[in-house]
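Peer 1: Sequence:
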Amino acid sequence: NCFDGMLHHRIDDVREALTIDQSVPIVTCDARNRESTKQTLITLVEHSMRKWMTVRA
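Numbering (the working numbering), first residue to last: 179 to 235.
Listed below are the simulated SDA-like cross-link pairs for lysine to any residue, each with C-alpha atoms no more than 25 Å apart in a straight line:
| # | residue 1 | residue 2 |
| --- | --- | --- |
| 1 | K216 | S226 |
| 2 | K229 | T206 |
| 3 | K216 | N179 |
| 4 | K216 | F181 |
| 5 | K229 | T218 |
| 6 | K216 | S201 |
| 7 | K216 | D182 |
| 8 | K229 | I189 |
| 9 | K229 | N179 |
| 10 | K216 | M227 |
| 11 | K216 | K229 |
What the hints contain is simulated information worked out from the structure, not anything from laboratory work.
Just need the whole structure built from these sequences, with the hints factored in.
Peer 2: Below you can see the structure in the form of structure tokens.
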């Protein structure tokens, strides 16, 4: 979550600290901003659908 466009940690640092695979998207979001939140949810749903289609195949 970022506030007013400011990140406190680099995304790559967060990914490494949490050992999140490169295939998992990490996105920034200002939860106070409707458009930012909407785009984050769209990214989540698209990623989930791609993973689900891969498992089904």
